[in-house]
Amino acid sequence: MKPSVAAPRKPLPLRSVLALPLGIGMLALLGACTGVSAVTKERVAQGETSLQQAQQTLGQSEHGALELQQARDKIAAAKTAMAKGQHEQAERMAAQAHLYAELAVAKSQSASARNSANEVLASLEMLRRESERNSPTTR
Amino acid sequence: MSFNKQIILSVAIAAVLSACSATPDRNETLERARALVQQVESSPRAGIAAADIANARNSLDAANRLAESKTRVADMELEATNAALSAQIASEKILTAEANEAIANGTAQRQAVLIQARERDVQKSTAQAGDALRQATASQARVDSLETELADLKLKKTERGLVLTLGDVMFDTGQSTLKPGAYATLDRLASALRQQSERKVLIEGHTDNVGSSDNNQGLSERRAQSVQIGLTQRGVERSQITALGKGENFPISGNDTADGRQSNRRVELIFTDGQTRTASDAGP
Numbered sequence: 001m002k003p004s005v006a007a008p009r010k011p012l013p014l015r016s017v018l019a020l021p022l023g024i025g026m027l028a029l030l031g032a033c034t035g036v037s038a039v040t041k042e043r044v045a046q047g048e049t050s051l052q053q054a055q056q057t058l059g060q061s062e063h064g065a066l067e068l069q070q071a072r073d074k075i076a077a078a079k080t081a082m083a084k085g086q087h088e089q090a091e092r093m094a095a096q097a098h099l100y101a102e103l104a105v106a107k108s109q110s111a112s113a114r115n116s117a118n119e120v121l122a123s124l125e126m127l128r129r130e131s132e133r134n135s136p137t138t139r
Numbered sequence: 001m002s003f004n005k006q007i008i009l010s011v012a013i014a015a016v017l018s019a020c021s022a023t024p025d026r027n028e029t030l031e032r033a034r035a036l037v038q039q040v041e042s043s044p045r046a047g048i049a050a051a052d053i054a055n056a057r058n059s060l061d062a063a064n065r066l067a068e069s070k071t072r073v074a075d076m077e078l079e080a081t082n083a084a085l086s087a088q089i090a091s092e093k094i095l096t097a098e099a100n101e102a103i104a105n106g107t108a109q110r111q112a113v114l115i116q117a118r119e120r121d122v123q124k125s126t127a128q129a130g131d132a133l134r135q136a137t138a139s140q141a142r143v144d145s146l147e148t149e150l151a152d153l154k155l156k157k158t159e160r161g162l163v164l165t166l167g168d169v170m171f172d173t174g175q176s177t178l179k180p181g182a183y184a185t186l187d188r189l190a191s192a193l194r195q196q197s198e199r200k201v202l203i204e205g206h207t208d209n210v211g212s213s214d215n216n217q218g219l220s221e222r223r224a225q226s227v228q229i230g231l232t233q234r235g236v237e238r239s240q241i242t243a244l245g246k247g248e249n250f251p252i253s254g255n256d257t258a259d260g261r262q263s264n265r266r267v268e269l270i271f272t273d274g275q276t277r278t279a280s281d282a283g284p
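Read top to bottom, the protein sequences are chains A and B.
With the first letter of the first sequence counted as 1, position 78 gets the number 78 in our numbering; the numbers rise by one all the way through.
With the first letter of the second sequence counted as 1, position 221 gets the number 221 in our numbering; the numbers rise by one all the way through.
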């Protein structure tokens, strides 16, 4: 029965060990709140660039449109967070916006590649059928 | 109990407790991320999207670590979402690569089929050219054979075509019935004409000027028809033959001597090789 008693008692020193860095972290966060760093601004700007590139790549394509909208939403969230001075949240949202934008592009590219592949295969099939139809007369 | 053992046991119990509590509220975002990452990692084409898969793995590892401390669910879900996104990007890139490979394959196969078809066309046209040449040679040979076959029948080349003259020895005097002596000649004519169904023959009957012109006209017609019937009986197409009576109006020598009159009593067979010439020649 001793271990079960020891178990709840044990984490206490652990928590106290964690308390110091956590406290420093909190202080850092508070410090960040006073002004958004240049790095954060840069990251949000990067996310926005990714979004714009994705918009250009997709055009009116419906493939990846959903992800593109997500990317827009995340950029908006990043800007909101930035306005509130939440630089970490802003950076996270910007990073996610970048991922959504990239996924949108990847989806539209794979859809158009699949389309082309289907067209090529269809035309190949047609050509084969045609040449089979022609070959017996030459034999 | 030693201090070390206490730690191990406490960690084990904590792990069991956390596992028990984690089981009921399985996080769907995390589960989905795990499934997606595992899927792309096990793809045979994982190398194509290695960087994205590495990103996905890093985010998933972070999410897994955060999942152990139950306090930071939002952070964990963010990492899990990022892991899922990276995995999806990798998956789409793999799909794109597969599609591009299919395009390349299909294009190559299409090219192969086209080349095959072209080769077949060349063979076909070569064969056609060969056929045409053979046909030309064959028809030339048939013309030659008609000329050689009928050479001893006093075949004359005229501007109207090849003309064969059957003398009046083929017929009894005043009669239009062919004599048996004419049969051998007719046999040869018929077999030559059967071989060349495109050949046309114009049969013209002629007489001397003995007797009335009407009689001579009728006789010349009947004799021409006799030859025509003789040929059709031997298998020549009716459409190849035109029979005309020309009466006494086209002598080839004088009617004042017996020899001359004999040469004028004749049936001429004019061979042409086309319908048009026969038609234009048919008129008197």
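Think of the hints as simulated: they come from the structure by calculation, not from any bench.
Incorrect hints may have been included.
To give an idea of the interface, some chain A residues facing chain B are shown, with a C-beta separation under 7 Å as derived from the structure [what the hints assert, rightly or not]: (1) Met82; (2) Arg92; (3) Ser116; (4) Leu121; (5) Ala122; (6) Glu125; (7) Met126; (8) Leu127; (9) Arg128; (10) Ser131.
A virtual CB, placed ideally from N, CA and C, is assigned to each residue, including glycine.
Exercise for the section: Of all the hints given earlier, name the ones this structure violates by number, lowest first. Expected result: Checked against the structure, the hints that fail are numbers 1, 5, 6 and 7, while the rest are satisfied.
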